[in-house]
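Undergrad: The primary structure of each chain is shown beneath.
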Amino acid sequence: GAGVSQSPSNKVTEKGKDVELRCDPISGHTALYWYRQSLGQGLEFLIYFQGNSAPDKSGLPSDRFSAERTGGSVSTLTIQRTQQEDSAVYLCASSLAGGGGNIQYFGAGTRLSVL
Amino acid sequence: AQSVTQLDSHVSVSEGTPVLLRCNYSSSYSPSLFWYVQHPNKGLQLLLKYTSAATLVKGINGFEAEFKKSETSFHLTKPSAHMSDAAEYFCVVSGASNAGGTSYGKLTFGQGTILTVHP
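Going down the list, the protein sequences come from chains E and S.
The opening residue of the first sequence carries number 1 in our numbering; numbering runs sequentially from there.
The opening residue of the second sequence carries number 1001 in our numbering; numbering runs sequentially from there.
Since the hints were derived computationally from the structure, they do not count as laboratory data.
Owing to the predicted nature of the structure, the values given are computational and were not obtained by experimental measurement.
25 Å max Cα-Cα, derived DMTMM-like pairs, lysine to aspartate or glutamate: (1) K15(E) with E68(E); (2) K11(E) with E1088(S); (3) K11(E) with D63(E); (4) K1042(S) with E85(E); (5) K1042(S) with D24(E); (6) K57(E) with E85(E); (7) K1042(S) with E44(E); (8) K1049(S) with E44(E); (9) K1058(S) with D1085(S); (10) K57(E) with D18(E); (11) K17(E) with E85(E); (12) K1042(S) with E1064(S); (13) K1042(S) with E1088(S); (14) K1042(S) with E20(E); (15) K57(E) with E44(E); (16) K57(E) with E20(E); (17) K1042(S) with D1008(S); (18) K1049(S) with E1066(S).
With the hints as constraints, model all of the structure from the sequences given.
TA: Here's what the structure looks like:
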């Protein structure tokens, strides 16, 4: 596809359930990022993948959050035992390469609602 | 460490008048700076970026921003607002490519400025 694709666009789940959010980056982009956008916290960095390097997980808020990137392309963000405070829009971005000057292109996001 | 402060949470202008959205940043390294715009229920779109080539940066839709190192500012301006400019704007800082550590590559966002344009 032409842009970053995220699925599902909306997800409603019950507290305590696990959820998986998917991100398809732009073809050829080696760097992939996850961010979270919530009313109280604004936009926050979660995790960063660059090529085959170990990911930068410094933004993950708790050990209930994990992410993987298979084959250097598609990424899945998993939230275990969801809590109401996990309700937010989860945004994925990709860039041609890692590093501060590279433009990150964002997907439309997955809106997660935890009831 | 890096941080961004957007000085106004809301800005309201009349159509055809100038727009000024203020941003101050803090970075331990030579920063890359961006402005992104988010229209309601839409994804984030890049307006412009600064990466040290020129201090005055021109972006899409008539927006521009000036990097002032002495003031650690990167304010966004547009000479004449249009109704379609109504959206939320984010000032963003990213670590330089030689920063290393946990700032490498990740974006730090300001809290956003909601721009309202009145007819």
